[in-house]
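Novice: Listed below, chain by chain, are the residues.
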Amino acid sequence: MTHLLSIVVAAPVVAAAILLCLPGSARVAVRVVSLLGATLSLAASVAVAWAYDRAAGGLQLVEDYALVPPLGIHLRLAVDGWGVPLLLLTGIIVVTGVLASWSVAKRDKDFFVLLLVLVAGVFGVFVSQDLFVFFLFYEIAVLPMYLLIGIWGASHEVPAAGPFRFAWRRFAVGGKEYAAMKLTLMLLVGSAAILVAMFLLWNEAGARTFDLAVLEGTRFSLTTQHVAFPLLWLGFGSLAGVFPFHTWSPDGHASAPTAVSMLHAGVLMKLGAFGVMRVGMVLLPDAAVVWAPAVGAVAVINILYGALCAAGQTDLKYIVAYSSVSHMGVVMLGAATMTANGWNGAVFQMFAHGIMTGLFFALVGIVYERAHTRTIARMGGFAHPLPAVAAFFTLACLSSLGLPGTAGFVAEFLVFVGAGQGAHAWWVVPGVLGAFVTAVYVLRACKTIFWGPPPTGEFAELADVRGTEWGAPLVLGASLVVFGVWPRFLLDYIDVASVAFLSRFPALP
Amino acid sequence: MTTPALLAVIAVCAPAAAALLLVLAPALRRQGAPAAVACIAASLASLGAALALALGRSPGEPAVRHVVPWLQAGSRTIAEVGVHVDGISAAMLVVVTLVALCVQVFSVAYMRGEARRGFGRYFAYHALFLFSMNLLVVAPNLLQLFVGWELVGLASYLLIGFYFAKPSAARAAVKAFWMTKLADMGILVGLVVLFVSTGSFEWTATPEPAVATAVTLLLFLGVMGKSAQFPLHVWLPDAMEGPTPVSALLHAATMVAAGVFLVVRAHPLFELAPTTGDVMLWVGAVTAAFAAGLALVQTDIKKVLAYSTCSQLGYMVAALGAGSAFAGFFHLGTHACFKALLFLAAGSVIHAVHSNELAEMGGLRRRMPLTAVAFGIGVLSLAGVPGLAGFFSKDLILTELEGRAGWVPWALLLLTAFATAFYMGRVFVLAFLGAPSARAGHAHEAGLAMTGPLIVLAVPSAVAGFFGGGLAAYVGASYEPHFGLTPLLASTLALAGIVAAVLVYGRGREVAFADALRRLDRAGAVDRAWKLLYSSALLWLSGVLGWFDRYVIDGLMNATGFATLEAGSAVRVVQTGRVRDYALAVVAGAILLSLWGVLS
Amino acid sequence: MTLENCILLATLLFAIGVYGLLTRRQAVAMLLCVELMLNASNLVFVAFARHAGGPGQILAMFALAITVAEVAVGLAIVLLLYRRHGHTAVDAASEARE
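Protein chains in written order, with the working numbering: chain A, 104 to 612; chain B, 6 to 605; chain C, 2 to 99.
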């Protein structure tokens, strides 16, 4: 099979097209078609993992279609060692995300269409080997978010305060439209930076092609590298939640509906980190080495700042959202180490955090649907009516704080080892400290929500997980444990790419 | 795979299989009884494998290793998992599985009143614990030990929080996790430092002395958390919120001793770092004395035992600090037996009286003779009365400490030996002698499920000391009980302590300095310091940063949006919306352009 | 007719168109003035094509086609304006601004 990657990318698009032809009233058909599309992508992703030769490495399953020959733009699909786990992650998250959105009531057909388009964009980014198409898919993945949050999101009050309280006169901070607009604008500013850097590279390479392999073969001048790298770091970094361009994330995730939060925190933020590593660092090794201390220092800020901010939140979704900011810091820290272990850890953390945060948001969605509140102080004793939710939430917490036996541990440990081997060994200490602060806030949330005397009054009759809701906790929970106990499966893919990319860094181990 | 390796794998995997079964088959778990059967069967298999393993080894046999790559990327192996069987792990495996089995059998009776779901959940946690503990014990490298270490921490968290409806239990569980996790940061950093400098996590890794000191100090931070050393001990007394058998198994016999086990295991590394040894010596001695002082005035029988555990762990750590891994390990073994015995006997009393308070007990020796005898053996053994297990191991520690650090730790521990005898005597007098309280009057001995484990544990608590020499040969150390000045002093003090306790409490009096100690206990200075650090530093900082992020960082983004909108409004005046204005602008522009064209 | 005369005529037509566009208030009249301006430019195209060759005539045909389209759209808007306001004074039609 040479069209596996096309199937991965096209399945959601085809499903979306079929949805457009269906009447909106066919609620079951809409869901089944979405689920089939998502499952087909996941199955094809598994087949990709199966077909990828880990010993050989490099780009495999190449497909090439010329799109705009005069500009050298090709639809060139291929997958490398980093792409495989991220394809699997995306497949898992989208299938469980569709299952978790089974109960969407408002304009459900449109919702699923946008969701599938978004997912096609994400898949496209991970497999396109042409920078222009990469960017195109990147935008396809980012833009539907505006509608998904703006239409299906939830608003909440944020009282005006602080030195910039005058801004509240012009827009309602905390509203879903506000969150959607902020997210889109911040990410588009990032995209603008990426676009500039992209054409800079295209121009300098002089080969009239956006082919990543060709660009990789070009040693760009130091000036170009030093201009392009920060643009790519901040451009892609804004999607990865790099401080201080992370503030779209808490509001965006808190406002978004369940499946959108799952996809956004679980997969989309990884696009940013993937972009920084795959495009920024691999294409511009000399600048990356020089900028690495800055990238690492900001990542350290991300880890500690995100964790401490999460500890200060009272809204459950904000806690999870800030924890994403903190955990994406771990990814960026691993990237900044410029070591094989660090890079393996970074990519593994993308996978582990994606699954973990997907599980978190799915469970938060289940709790919110029943309790209609996200303020943890109002909850308590929910483990009595919701034992399964409590169990899976605890599992997500444990992976979040890096307990051995869960995927989170493998990822964080590899990043710490990489940091220790890298040029700035002190990064280990704030990294480890971040894991401790994570333990503080996740376990406190877990205790406040689930432990304590059985709830009374309005919360007395909450129903536990049922029907399609089981999909997300079971699949995601099992993935956390399986890949935590057996990390080798993913590491073999990741490592073959990390080692190959690192060979472009001659001065480093 | 060789037979010993296979047996070790069985010892680890049997409880793992039980735990997995109980997780994957919730229907079975919710039945309650099948969960207990699965868990106990697994423990039995584990104990059988451990015994076969231990008896099949002859002393001095080289270690058997069987490992497979675990954390492997491509061709680079970062860490392996597997089993490492030598005298230490074989002996430890027997102790752990034996105590675990006793505790689980005891639990069947103790937890009978629990709802079915809870009953099943309890045994599922127990299976998880035993798996993790065995994983830790047979670890072939530091990383696998850390994995087991964290997983026993998880089991501890779940079991302390077993009665999660009780806010105090929930708090205690989270606190235990936080405190140990705080300390575990040391191990994590230590692991990284060790790996970066030596490229492996093996027990035989030999880094440079400076690195060894750093690594061992970091590892010892983790030990302080897990083995409840001052000032990280505050979680252990709170952990008594868990069911009493759990306290016996995790928070007395096995899990808290994991820290000691780590140091014994990593002894080659610790030998390279004399500085760490000094730190351990002092921390251990101070913990032992401090915790014994607090144990004197506790009114809750479990709290007395908890502080006593802290104190005894202090002995072990001090022994390790003095460089005698065997003394620490020997005391670990005897302590596991008699402290589990004491906790289970206390559990039996609590089960009968329905209270933890010593004041609610009294005169139980008539109502519960077997328990009284068992508890008495435990008391005498812990106090270090000559001939019983505790005597030998404690005296070995004291002998090892002779002359170290200006005799101060030695003196402290000797004093602690007296205090130990005194507070244990106090508990025995208050609970079993004297006139029964209202509740204690109706107490009665429970069935065989509860008394059986007491009998099984009482035997080694009494006689294990005589096998010290054999154990030493088995683990490759040497030990010859000798009766010099230190043992004489210690046993005199122990007997004096018990006599003093009987004299004081037998007549319903109170020691003179009890009030001062009680004030110290109530003040809970260390606990308060941690609370202050948590609520005033961590939570305060997080609150401030949360506000800062929302209103300053995000505020800046909002201000940018605001400025853009305002600028737009300012420019908007030009757009009048009248067609003729636009037409005029077009014409004017055209005229200007043509003028420019004509003039240039 | 000489080229100069043609250009002169076109300029005159164009100036009339501009004047009308700026002074008239009725949308229909403004539209007619725009037509005058367009025709002036068409005249220039044709004149140059006649005297100097080149593709001017084709461009004039294009311009005519576009003019037709523009008139169709313009008149539709005017019609809507009339229905809404009862007259076609363009100054009143500034709702889109708000």
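What the hints contain is simulated information worked out from the structure, not anything from laboratory work.
Accuracy of the hints is not assured; some may be wrong.
[As the list claims (entries may be wrong)] Pairwise CB distance ranges (calculated): (1) C/Gln27 x A/Phe274: 38 to 48 Å; (2) A/Gly127 x C/Leu80: 30 to 40 Å; (3) C/Ala73 x B/Tyr587: 20 to 30 Å; (4) A/Thr478 x B/Gly204: 28 to 38 Å; (5) B/Thr82 x A/Ala154: 38 to 48 Å; (6) A/Gly560 x B/Val28: 54 to 64 Å; (7) A/Ala120 x B/Thr569: 46 to 56 Å.
For every residue, glycine included, the Cβ atom is placed at its ideal position computed from N, Cα and C.
Novice: So, for every hint listed, does it hold in this structure?
Specialist: We went through each hint and held it up to the structure:
A beta carbon spacing of about 41 Å between glutamine 27 of chain C and phenylalanine 274 of chain A agrees with the range 38 to 48 Å that was offered as a hint. Between glycine 127 of chain A and leucine 80 of chain C the beta carbon distance is about 35 Å. The supplied range of 30 to 40 Å therefore holds. Between alanine 73 of chain C and tyrosine 587 of chain B, the C-beta spacing of about 21 Å keeps the proposed range 20 to 30 Å intact. For threonine 478 of chain A paired with glycine 204 of chain B, a C-beta distance near 49 Å fails the hint of 28 to 38 Å.
Between threonine 82 of chain B and alanine 154 of chain A, the C-beta spacing of about 26 Å breaks the proposed range 38 to 48 Å. Our hint of 54 to 64 Å for glycine 560 of chain A and valine 28 of chain B is violated, since their Cβ atoms are close to 32 Å apart. Alanine 120 of chain A and threonine 569 of chain B have their C-beta atoms about 37 Å apart, which leaves the hinted 46 to 56 Å range violated.
The structure fails to meet hints 4, 5, 6 and 7 from the earlier list, while all remaining hints are met.
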